[in-house]
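Student: Sequence:
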Amino acid sequence: MLQLIEGVHRFQSEEFGAYRDLFQRLSRDGQKPHTLFITCSDSRVLAELITQSQPGDLFVVKNVGNIVPPAGVTGATNSTAAAIEFAVVTLGVSDIVVCGHSQCGAMHALLEGLPQPEAMPHLEEWLQVAGPVREVVARCYQHLTADALANAAAQENVLFAIENLETYPAVKTRLAAGSLHLHGWFFEIATAELFAFNPATKQFERLTRPGPTPA
1171 MLQLIEGVHR
1181 FQSEEFGAYR
1191 DLFQRLSRDG
1201 QKPHTLFITC
1211 SDSRVLAELI
1221 TQSQPGDLFV
1231 VKNVGNIVPP
1241 AGVTGATNST
1251 AAAIEFAVVT
1261 LGVSDIVVCG
1271 HSQCGAMHAL
1281 LEGLPQPEAM
1291 PHLEEWLQVA
1301 GPVREVVARC
1311 YQHLTADALA
1321 NAAAQENVLF
1331 AIENLETYPA
1341 VKTRLAAGSL
1351 HLHGWFFEIA
1361 TAELFAFNPA
1371 TKQFERLTRP
1381 GPTPA
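Following the working numbering, the numbering of the sequence shown begins with 1171 at its first residue and continues without gaps.
Worth flagging that the hints you see were computed from the coordinates, not collected in a lab.
These figures come from a predicted structure and were not determined experimentally.
We treat Cβ as the ideally placed atom computed from N, Cα and C, and that holds for glycine.
Please note that the accuracy of each hint is not assured.
Only pairs whose alpha carbons sit at most 25 Å apart, straight line, appear in this in silico DSS-like list of lysine-lysine [to be verified]: (1) Lys1202 to Lys1232; (2) Lys1372 to Lys1202; (3) Lys1372 to Lys1342; (4) Lys1342 to Lys1202.
Label pairs and their calculated CB-CB ranges [as the list claims (entries may be wrong)]: (5) Gly1187 to Pro1291: 39 to 49 Å; (6) Glu1255 to Arg1198: 19 to 29 Å; (7) Glu1305 to Ala1360: 20 to 30 Å; (8) Glu1305 to Gln1373: 12 to 22 Å; (9) Leu1293 to Ala1188: 37 to 47 Å.
Between the sequences and the hints, there should be enough to build the whole structure, so can you do that?
Tutor: Below you can see the structure in the form of structure tokens.
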């Protein structure tokens, strides 16, 4: 906790000056993020850091395993739905990114089970939402080693999340209008590389800088 408190004071005394105008504008005008960024609660995955985004750019949802339940899942297991609806309907984001990552503990637990499920009933129930991912991995990836298997699960979980996003009425409406776009990303922690799913090749490919727009 001392480290956090020292960080707060260091930000206020050394860093805030560079952001003062930005925060005052955000306070005055409200937030207008362009992207809903859904990623894992893992402490090594920081959306603003890896995308070099400023305050106000991203509406970030972090949960265990960056799981997106289908729209039909209600109650305590789908608080993520509230954020999706708010971002799409109220904030009017133009893009949604679901970003999984390597070495994901949630994916290991999904495949291997929790060591003490009776002590973590909420986590056990949450992981069951991604049960279809476990079934895909069991059917298609059993030739892989344990670590590669977890990474395959993490990538399949991103695709599962994209499919589930399309079950939300608000998302469907915006997709049909062409005013919303969905993106599946995978973050490799060791190298900080980002991979984006390419629907044409059905593969996660290294994220490249867009080419110049034709004149």
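Student: It remains to establish, for every hint, whether it holds in the given structure.
Tutor: Cross-check of the supplied hints:
no.: 1; hint: Lys1202 to Lys1232; verdict: holds, 19 Å
no.: 2; hint: Lys1372 to Lys1202; verdict: violated, 32 Å
no.: 3; hint: Lys1372 to Lys1342; verdict: holds, 22 Å
no.: 4; hint: Lys1342 to Lys1202; verdict: holds, 21 Å
no.: 5; hint: Gly1187 to Pro1291: 39 to 49 Å; verdict: holds, 47 Å
no.: 6; hint: Glu1255 to Arg1198: 19 to 29 Å; verdict: holds, 26 Å
no.: 7; hint: Glu1305 to Ala1360: 20 to 30 Å; verdict: holds, 28 Å
no.: 8; hint: Glu1305 to Gln1373: 12 to 22 Å; verdict: holds, 21 Å
no.: 9; hint: Leu1293 to Ala1188: 37 to 47 Å; verdict: holds, 39 Å
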